[in-house]
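Reconstruct the complex from the two isolated chains, following the hints.
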Amino acid sequence: MVAARKNRDQPWLMRTYSGHSSAKASNALYRTNLAKGQTGLSVAFDLPTQTGYDADSPLARGEVGKVGVPISHIEDMDQLFDQIPLDQMNTSMTINATAAWLLSLYIGLAQRRGIDPKKLSGTTQNDIIKEYLSRGTYIYPPGPSMRLIADTITYTVKHVPKWNPTNVCSYHLQEAGASPVQELAYALCTAMAVLDRVKASGEIKPDEFPQVVERISFFVNAGIRFVEECCKLRAFGEMWDELTLARYKVEDPKLRRFRYGVQVNSLGLTEPQPENNVQRIVLEMLAVVLSKRARARAIQLPAWNEAMGLPRPWDQQWALRMQQVMAFETDLLEYADILDGSPVIAAKVSELIEGARREIENVEAQGGIIAAIESGYIKRELVGSHMNRLRAIESGDLKIIGVNCFQETAESPLTGGSDGAIMKTNPAAEREQIERLQAHRKSRNGDEVGAALQGLTDAAKSGDNIMPSSIRCAVAGVTTGEWGDSLRKVFGEFRPPTGIDIAIDSREVLGKRDQVTDLRARVASTGNAVGRPLKLLVGKPGLDGHSNGAEQVAVKARDVGFEVVYDGIRLTPQQIAQAAQEEGVHMVGLSILSGSHMELVESVLQELRLRDLANVPVIVGGIVPREDAEKLTALGVKAVYTPKDFNLNAIMEDMVNVIRESNGLARLASLH
Amino acid sequence: MPQVHLPDPEQLASRILRGERAAVAAGLNLLDNKLAEARNRSTRLLAALADGRSLNDGHLIGVTGPPGAGKSSLVAAMIREWRLSGRTVGVLAVDPSSRPELGGGALLGDRIRIKNSSHDEGLFIRSLANRNQLGGVAIEVWPMSWLLSACFDIVVIETVGVGQTEIDIAEIGDTVCYVAQPASGDTIQYLKSGIIEIPDIFAVNKCDLGAPARKTASEISRSAPRQDRRDDWDYPVCLVSATMNTGITPFHKHFDRHRKFLADAGLLDKLRIRHQSAWVVRLLKEEFGTFGLELIGGHAVIGEHLGKNQYNQFEEYERMRKHILSRFMSVNQPSSSTKKEHPDEQATV
Chain A
870 MVAARKNRDQ PWLMRTYSGH SSAKASNALY RTNLAKGQTG LSVAFDLPTQ TGYDADSPLA
930 RGEVGKVGVP ISHIEDMDQL FDQIPLDQMN TSMTINATAA WLLSLYIGLA QRRGIDPKKL
990 SGTTQNDIIK EYLSRGTYIY PPGPSMRLIA DTITYTVKHV PKWNPTNVCS YHLQEAGASP
1050 VQELAYALCT AMAVLDRVKA SGEIKPDEFP QVVERISFFV NAGIRFVEEC CKLRAFGEMW
1110 DELTLARYKV EDPKLRRFRY GVQVNSLGLT EPQPENNVQR IVLEMLAVVL SKRARARAIQ
1170 LPAWNEAMGL PRPWDQQWAL RMQQVMAFET DLLEYADILD GSPVIAAKVS ELIEGARREI
1230 ENVEAQGGII AAIESGYIKR ELVGSHMNRL RAIESGDLKI IGVNCFQETA ESPLTGGSDG
1290 AIMKTNPAAE REQIERLQAH RKSRNGDEVG AALQGLTDAA KSGDNIMPSS IRCAVAGVTT
1350 GEWGDSLRKV FGEFRPPTGI DIAIDSREVL GKRDQVTDLR ARVASTGNAV GRPLKLLVGK
1410 PGLDGHSNGA EQVAVKARDV GFEVVYDGIR LTPQQIAQAA QEEGVHMVGL SILSGSHMEL
1470 VESVLQELRL RDLANVPVIV GGIVPREDAE KLTALGVKAV YTPKDFNLNA IMEDMVNVIR
1530 ESNGLARLAS LH
Chain B
7 MPQVHLPDPE QLASRILRGE RAAVAAGLNL LDNKLAEARN RSTRLLAALA DGRSLNDGHL
67 IGVTGPPGAG KSSLVAAMIR EWRLSGRTVG VLAVDPSSRP ELGGGALLGD RIRIKNSSHD
127 EGLFIRSLAN RNQLGGVAIE VWPMSWLLSA CFDIVVIETV GVGQTEIDIA EIGDTVCYVA
187 QPASGDTIQY LKSGIIEIPD IFAVNKCDLG APARKTASEI SRSAPRQDRR DDWDYPVCLV
247 SATMNTGITP FHKHFDRHRK FLADAGLLDK LRIRHQSAWV VRLLKEEFGT FGLELIGGHA
307 VIGEHLGKNQ YNQFEEYERM RKHILSRFMS VNQPSSSTKK EHPDEQATV
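Protein sequences appear in the order of chains A and B.
Just add 869 to the spot in the first sequence (first one is 1) and you have the numbering used here.
Just add 6 to the spot in the second sequence (first one is 1) and you have the numbering used here.
Derived by calculation from the structure, the hints in this document are not laboratory data.
Bear in mind the structure is a predicted one, so any value in this text is a computation, not a measurement.
Backbone N, C-alpha and C define an ideal beta-carbon position, used for all residues, glycine too.
Treat each hint with caution, since some may be false.
Stated by the list, open to error - Chain B stretches covered by chain A per the calculated footprint, using a threshold of three residues with CB under 8 Å from any CB of chain A:
{"id": "1", "region": "98-110"}
{"id": "2", "region": "125-131"}
Stated by the list, open to error - Residues from chain B that face chain A, not an exhaustive set, calculated with beta carbons under 10 Å:
{"id": "3", "residue": "Ala28"}
{"id": "4", "residue": "Asn39"}
{"id": "5", "residue": "Ala44"}
{"id": "6", "residue": "Leu134"}
{"id": "7", "residue": "Arg137"}
{"id": "8", "residue": "Glu146"}
Stated by the list, open to error - Residues from chain A that face chain B, not an exhaustive set, calculated with beta carbons under 10 Å:
{"id": "9", "residue": "Arg1389"}
{"id": "10", "residue": "Gly1408"}
{"id": "11", "residue": "Arg1427"}
{"id": "12", "residue": "Val1429"}
{"id": "13", "residue": "Gly1430"}
{"id": "14", "residue": "Val1433"}
{"id": "15", "residue": "Val1434"}
{"id": "16", "residue": "Asp1436"}
{"id": "17", "residue": "Thr1441"}
{"id": "18", "residue": "Gln1447"}
{"id": "19", "residue": "Ala1448"}
{"id": "20", "residue": "Leu1482"}
So that you can see chain B by itself, here it is in the shape it has in the complex (with noise of 0.2 Å):
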């Protein structure tokens, strides 16, 4: 049997929430990890970690855009005037895995673009693959983010962009930051897509290139304000230049200037809920499918579980799971209950 090490998820919170970075990391591995006993301590570390917290707290960026677009270099000029105004940031950065019948392995290198050369206590980035999930960002996202803002002043989720399938960033970033690349066809077919309701903030990057950014820029501004949009937010459109440091510090103000506008208007809890329920019911049917969430009532009855525990739904979230197991061990052959878990290796080696 491995000796897996699995941290006892109480004092493991408490130390999260003190801002030890060696218990954010075992935090994360933990939310990571699927063996069964690792699935219940994370349900428990969530727990504790929302316990007592206000959904009012930190700020949850979500960046994206297509690929070579700069995002990195322009989440580390981001990162560099967070820092020197005093504020912490934890990362995560997502980045495609290759497909499952080619080992679904995945190179990680955003790390190289985002850290600075000197060593800095205020930073922390943890790299992801995105394990070929559809919508482009992994599911351990969401639960991740959550840890690192108990810790860090500023969470940043950044992930790759196609154009048509970043309907998940908006299910985990309270603010959303489209970078679009000057004359790129990528840029025209996300405003074509329609997924242009989903950005509260658009960077043009590589502003140095002159005419074709500013193009770029006139075809967003006359896309991104709809009349289906929030009202009282402007959706700015701003040119910057990541590597030149050119137009950072008025794109970096619009981040503050959203959150306080959602805060403002009472939406930041209201977003965190829905986004924490959108997850819940994503997970639930990645791992059973419409069949199993018919099997608990569908949608309508998952909606009102999770209405009752607004606060907590990691809790709700593995309370339903585990009542969806116990269905399909009753309508099913027990051992094609969940593809999720591997406790034999045996069979694969």
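Next comes chain A alone, as it looks inside the complex (with noise of 0.2 Å):
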């Protein structure tokens, strides 16, 4: 027995990305969670926050407290960080259109606190320019975005020298579909045109710059194919510090280092034998902290059953102490890179490097990023490499253990509980939210609100730096959809350009040729007996911009034959039944991801009725509990999907026979 020896390296920043229902509760567990040895905090904020409205407003019906905690105004903020020293502590936001308001509303407690917000130190996301590609929470147009982000980016430089102003995301990409060359170069782009747009500012001294440079973080994914993942940590390394000297000519190396935090692949989690996911998350975990060079400056691991619903304390807790057997029992911290000098690793390295190269000039060659997602090149090549992972899946050529090979499993202890292993929000939480929300409207200083608020509407229209008048705002009182909606009045609100007209090679990314066929057969005979093409629509109701799932469907059901209307996403129920009837679909396709379905669903449905429209067939597809599948087939879905049915090609004919059996024709015998 050997006593771990004392110069080991410090640990990575250990978090839990969390919170849920309300401020409240959401601080009681961060105080659990850093009482059980979590060294930083990661606050995941819902939808409403995230998209710049209040809880009261219509489109946050329902999305109030689920997939995060509602942040509507500063008194939320205070009770969110009750009792925690603000100053000694390190805290990530995931928040991205709105991350300059929630960015003031923390300066504005700390400064209400007596804190010097030099103090202050953690992360905003702020990558609002990944959410076109991806989340899908952006709100305004790219130009704004991207001054957003240079505002922030110019403020804490000079007021909050500690914080990671912006964290440029490849973890959306990989889950959108990206190859590790994509996920290099297409980061390393929009690192390029955020730090373009500082620099074009003027705002920032030539020598400055570096630090600037410094402050840019990544937040960085890692999935199962842990050798290549690694080895695409230390190409992004080697990249960035090639690239911050010959393009920003930074000297110091110190200030050109590869700083990122990671959360580790959520896509590749599975429904089917969700225990399997333990090992994953280890295996990837391993994949950011054992290269040295390469290693993680904070790591948040997903719980083992994300892919069925919201993790409980005790997932969460089980996530934090993989990371700390790794931190605290292995012998990986004693070591200097264990990678350097093999010949393997570095050939591996090199071939990243030269495909995320090319990819970059390529993307350079079409005016940047900017104008790559606008034309829509990157969002195709995303889609397309994700049609090829579902194929190579479907085809069983990527092999998933318990989804597509080794399904045979004895029934699992951990998911027979009575609270199906995941918690449910508290149901009461929105119509609490709003409750103090309105009370918190009626105590303010009206006054001070609308000087607040019209600063803020100026220095949007003058350029200004919207910091300032922001911070002005939360210390004032002013509500997250006053700010959101002020800089919608100046700024617009983005439409994606494109929407999915994706042109892809379809012999490429069709699945078993044989099957597609014998599907378009029976699509266009379906359509011939109800005397048209089969129609279908897809959309998002609620706020979760999650698109990629949406996009595949109506992807696939195109490649099979259907004429697919592909709304987008933040629908209201009524904006869909209404196009469910100006259209004239044969069915609705909904997706949620946020957990918010049964009240959506069920909006979605009355207002068919409405309409009129209740003979035509809803689906639906998201992460939705087994026992929520349920009670919404006994409301009239005639089919919920959830991650566990991987095979499109098996959810088109489902959906074929779905459609026959509402027009009174027989279904049609499986194609397997």
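Structural data, given as structure tokens:
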């Protein structure tokens, strides 16, 4: 038995991405997590907060407190950090379109507590560019969004110097299907776009610019192919070092270090045999800690049951313990970089770098990342990669244990409990938050609020840095919805420029051709029987912007012959029912990942009934616990698809049968 | 047997004329339906809608241009103006279908680009796939636009034009607008192709690009006024930016001005009668080929028939169709009579 060596490296920051129901409930959870040895906080905000709406906005219905904590004003922020010393905490906020606002609330709260903002440390995700590609919680068009990012950077570099104002996210690119090369290329292109924008603002003197470069950090994903993922992170480090020297002339190598935080892959977590996710998560973590030169600064691990619903405190504790075992029990932190000198690793790293360089040149030739997003190029590439992955799972080329092989399983004692092994958010949370918000509006000084909002509008119009006026708003008691609306009036709202008119080479992405051919015949013959081609409406009600699933279903349905109206994200139930009516569709497909499926689906069904469209079948896809799926079916939903339904051909086959039954036609026999 | 609930066409027509949205939607579904009984009812619906309606009502507007020119954003900006002035708008947005051997499906993404984020009872959008018809505009579009014009002040038909096949849109809109993309080869192609004859109004979008937009505008201006064009119309070329919302108001005014020009010159009803006839001929030709047209005497005789019943050519169409079908029956085996009706789906399953 050898005692651990004394000169161990410091472990990374350990966090758990959490927040739900209310500021009060989340604060209690945070304090428990810190007591268990967590060393930083990672705040999950609910969708109204992320998209700049108050809890009582009609669009917020059903979403308050669901995927995170609702923060409507400074009193909520105060409650969230009750008994947590801001100057000693490292707080990461997953917030993007409203990042400048949440940071203002945090700074405003520090000022109110008499804490110098220079002592605050933490991170705002604040990468709005990837929101257009993946997460979907954008509000404003790319121009003003870039400006908001640049404003927070120039402000924090001067006034909150320990803060990481933006976390360039390759994480969500991988969730949207990106290969390691695409992840490298698009993340670095995004960082360049941000830095170029800050440089062009003229607010930073040339000799201070290296400090700006130093404050840029990254938020990275790590998948199950952990050797390649480890090489990806080494490649990131080398490329960032090279790029910051060549393009931004940063002489000090310390300021050129690639600093990143990690949440390991959620895409690869499975609903069948969910206990296998534990070893997946541990192996994925290995990729980001193994190589000292490319080790993560902060790690948050998902819980084993994420594909089933919201994790409970015990599930989060298990995820934290994985990190602690790795950091404190193993000998990993006692060594220098154990991969240096390996020719295999070096070759893989070079291969990734070369591929990424080519793709960066390609994007730069198109005018940079913003132009490549606006033209739809990047989205097309990502959807293409993702469809290839799905095809490989369908064909069995990509093995996923318990999903497309080794499916046999004994009954799991983990999922047998009465709670279905997931947490339920407080159903009264929305009402309570609204009451709290309305009481707050009455208690504040209306004149101060009006003046602060006018200052915000003026700054937005004049081009002055948005942060000072936002902090003034925070202290005056302005609400998240008021801040969001004031800027909406000046900046306008972003509308996706191209929807998903993706021209993919169908042969490449269709999966098994024989099945697809059969499916096309079924879609065509069913269309003939009802008199016109089958038409499908796909849309996402509520505020959840994770559109990858909805897009894949839309593209696949198109490929098997449906005429698909893709109506996008952030729709009210009324808008969906109206679209179903105007478009004369044979089926409505709803995708909801935020956990608000019960409220939203019920409203959509009701709106359809109001329009005499009760006979139009509705199907639902998303993270829906089994118990809820049964309730939805009882309400009249014809099918519920969850992450375990990975085979798109099977879903298409089922959809055709649902339409057939709704039109008095016989079901067709299974294709398998 | 499928339980297809087909509405009573005469009742439906009166509900449509009252502006009931559900009836409008049901009417469009009926016009799209290829079942034999649906076709009969469609003809009755169109007849009922045509009955007593002036051919001088409303305004049918065609908007075309190359992919990526920003047609949908521009249409959205135009809709804002019309709605601000209290006029109601119906939109038919046509997107391409994939090739039949690739399943013939379509992703219809215009709705997401055109609609407002707020609920609006004065706006109705129906997306359509072009279903691989050569001209680019689905055969269903003409009767559908006619139906929409029965209850909306403005009807906009938006199609993708690739530069050489927009002939069809000329057979639909009272006013045709071409949206050009600055510094794009598509526009040059377009100018060369001679289809420059068709549009009445030109918009060069993305004028915030500056010089390239002005260059494209001047190229169009040089080509647009040709000797064989209609007299007294000036074929305006407008610099606009849908995303920056610049130049929209002056551009928008040309639509009303063009409609007034057509009405004052007595051209509006003539144009629409001509469009209806072209639609009938195209439909018959699509279904029966040149041989079918010859069976009932060819273009000359068809024109004569249509001339007899100028205000309700849908009825005339169905009469001629049945006539050709009966001639086919006597010439051909019954089984090969038509590809449009699918009484039996079992064969393909």
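Q: Could you tell me which of the numbered hints above are not met by this structure, giving the numbers in increasing order?
A: none
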